[in-house]
Amino acid sequence: MSAVVEIQNVTKKIKGKTIIDQISFDVHRGEVFGFLGPNGAGKTTTIRMIVGLMGITDGDIKIAGNSIKTDFEKAVKHIGAIVENPEMYKFLSGYDNLVHFARMSSGVDKKKIAEVVELVGLTDRIKDKVKTYSLGMRQRLGLAQCLLHDPDILILDEPTNGLDPAGIREIRDHIRMLARERNMAVIVSSHLLAEMEMMCDRIGIIQQGKLVDVQLVHDFVNGVEKVFEFEISSGEKAIEILKPTYPHISFELTSSGLAATIQKEDVPLVVKSLVNEDILIYGIHEITKSLEDRFLEVTTEKEGVLHV
Amino acid sequence: MFKLIQNELLKIFKRPGTFVMIGLLILITTVAGAFIKFQSSGGTVPDNTEWKQGLQMENADLKKQMDELEGQVPAAELTYYKEQIAVNEYRIEHNLSPNVDYSVWEFVTDLLPIIEFAGMFTIIIAAGIVASEFNWGTIKLLLIRPINRGKILVSKYATILIFALILLAVTFAYSSLLGLALFGAPDTSNPYLNYHQGTVKEQSMFVHLVITYGLQSISMIMLATMAFMISAVFRNSSLAIGISLFLMFTGSQITMLVAMKFDWAKYILFANTDLTQYFEGQPLVEGMTLTFSIIMLVVYFAIFQFLAHFVFKKRDVAA
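Chains as they are written, first to last, in my numbering: chain H, 383 to 690; chain R, 6 to 324.
Keep in mind that the hints are not guaranteed to be accurate.
Claimed, not checked - When the alpha-carbon atoms are kept at most 25 Å apart in a straight line, the in silico DSS-like pairs for lysine-lysine are as follows:
no., chain 1, residue 1, chain 2, residue 2
1, H, K451, H, K397
2, H, K444, R, K19
3, H, K459, R, K57
4, H, K608, H, K619
5, H, K511, R, K8
6, H, K472, R, K19
7, H, K472, R, K156
8, H, K592, H, K395
9, H, K451, H, K399
10, R, K206, H, K444
11, H, K395, R, K57
12, R, K319, H, K399
13, H, K456, R, K206
14, H, K619, H, K654
15, R, K8, H, K456
16, H, K472, H, K451
17, H, K451, R, K156
18, H, K456, H, K472
19, H, K619, H, K646
20, R, K8, R, K156
21, R, K206, H, K459
22, H, K451, R, K319
23, R, K42, H, K509
24, R, K57, R, K206
25, H, K492, H, K472
26, H, K608, H, K654
27, H, K395, R, K319
28, R, K19, H, K456
Stated by the list, open to error - Some chain H residues flagged as far from chain R (calculated, every beta-carbon gap over 12 Å):
no., residue
29, K394
30, I396
31, D403
32, P420
33, R430
34, M470
To be verified - Listed next, the stretches of chain R that the computed footprint assigns to chain H, with coverage defined by at least 3 CB atoms under 8 Å from CB atoms of chain H:
no., segment
35, 141 to 150
36, 255 to 263
Think of the hints as simulated: they come from the structure by calculation, not from any bench. From the three backbone atoms N, C-alpha and C, an ideal C-beta is built for every residue, glycine too.
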């Protein structure tokens, strides 16, 4: 896997204030990279720098090997993007909007426009004026607009903002399909954690202009140790029994029994000791931490460090 | 670049406002035509075979007035008398009656002020062409194409010029056609008499009108360029329209007031936009020449364009 987007020590200062502080990461073909952070953390600013809408104070961004700073035209032609809302010309028809943007890239013909319209499912309404479109349709037209020139990199800033569940799902399916089938690199930003969990392969967490963490979604959500919840007859008694055997492990009482943060191999051992002491076991569940929990964990952790 | 201009024209002509502008130009021309046609005289001139004597008497009067005023008013004010006298003498000499039937060319000449409206509409378009993209939020999609910002700005400016040309062409063509329909073609080719630096020259009416249209549109182009610059620098179309229209209506008056007191008035943009002063009549401030004005116009133009490009290229787009 080669990196098509390389962010190298990028810093952005506006009026002496550091908005983005020394961010570095790579995005590869065929992956969906999630850019996660609370409002005002610098997600959109970073995306604006990647597409050249904002200048870079320090560092560089390379798109398919071309610097966006010095080789703007060569770099940006690999990118298709929606920055924030997909604002189109409302007084033009959807089709005219696409013709307008098609004229600005080389080698986009009518066939290509029709193909993209078909792909996003707007064929029926494409001749209507954009002002008559619903938000979901505008979002799809926005997607069509970035796919016209077959970009290698797709950048979507809050793509599911304001969409209904069906619309969100549709966009999500499109994004996954484009990454898998067309081998595009997709960068998505969001503050909706559940969304990112379903959409992304890797996630970078940004907070107060600093990249806090980059991890695979799977690792990020799970970590190495997992939490298992034991549904048992008496939690207090169980803790008494288990504490001596597993002095390093934290056990917690829950409403239905107890929760233990242990590795998978230890589960049968725990069960065995419980059974031996005549504690009734009704069920054992693995509790997957949601991205949200992890996100709050990571951000508060690092925030603690940052504030020291 | 051609495709970019095509895009800009698409965006202008797909908006109803544009057609309202063209409609207004046509409406004003039509109303003016109706007024002239149906006013008491009906646009006809009484046949006056004694016109030569009339002109001679007029000249005598003018000379008398000129002698009286001599020394009391600045020399520049006397030029008007000199011009009238010279033109009248030329008419007598070459047997050109001033009493001609009102025809299409007189009509087009009378309607020259309509160029101001065309200028106003051009300013409105120029003021919006960059600022609107920011208002609509479409600037983001526009600037992430493989086309650098300079080219986009140049294409937008070229579009303004094309739009101005379209408005002028529509105005000229429509007022000519309407004039032809209402007042007919001139019977005899009736030349325009141009007084310039002491001599009178004959000019074809059509050529005269085309030149006048061209010269009149210079101020419109300069103001549109200024509106374009304000639009690109401040991203605010209301500000651009406001300032430009205000200057369009008051600029030359203010300049004239300043010119009465101070010589540096000649460096003001509006002292130089009216190039007709060098072909007919006299310059605003003594010592101004055509070359001087053209240089001033080029300097202003370069400043406007430089500001627009400089700010537009460096701007962080955060709309």
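Is the straight-line distance between the alpha-carbon of K608/H and that of K619/H 25 Å or less? 22 Å, holds
Hinted pair K444/H and K19/R, Cα distance within 25 Å: 38 Å, violated
Is K57/R within 25 Å of K206/R, Cα to Cα? Status holds; Cα separation ~19 Å.
Holds or violated: K451/H to K156/R, with C-alpha atoms at most 25 Å apart: 17 Å, holds
Measure nothing beyond the straight line between the CA atoms of K42/R and K509/H; if it is 25 Å or shorter, mark the hint as holding. 46 Å, violated
Given the hinted pair K206/R and K444/H, is their alpha-carbon gap at most 25 Å? With Cα atoms ~67 Å apart, K206/R and K444/H exceed 25 Å; violated.
Distance restraint between K206/R and K459/H, which requires alpha-carbon spacing of 25 Å or less: It is violated: about 59 Å lies between the C-alpha atoms, which goes past 25 Å.
Between K8/R and K456/H, is the straight-line Cα distance small enough, at 25 Å or below? The given pair, whose Cα atoms are some 19 Å apart, holds under the 25 Å limit.
Take a quick look at whether K456/H and K472/H sit within 25 Å of each other, Cα to Cα. Roughly 29 Å separates the two Cα atoms, so the pair is violated.
Is K472/H close enough to K156/R, meaning Cα to Cα at most 25 Å? The given pair, whose Cα atoms are some 24 Å apart, holds under the 25 Å limit.
Need the status of pair K592/H, K395/H: alpha-carbon distance at most 25 Å? Satisfied, since the Cα-Cα distance of roughly 13 Å is no more than 25 Å.
Next pair to validate is K619/H with K654/H; report whether the Cα-Cα distance is within 25 Å. 15 Å, holds
Violation of the numbered hints given earlier is confined to hints 2, 3, 10, 11, 13, 16, 18, 21, 23, 28, 29, 30, 33, 34, 36; the remaining hints are satisfied by the structure.
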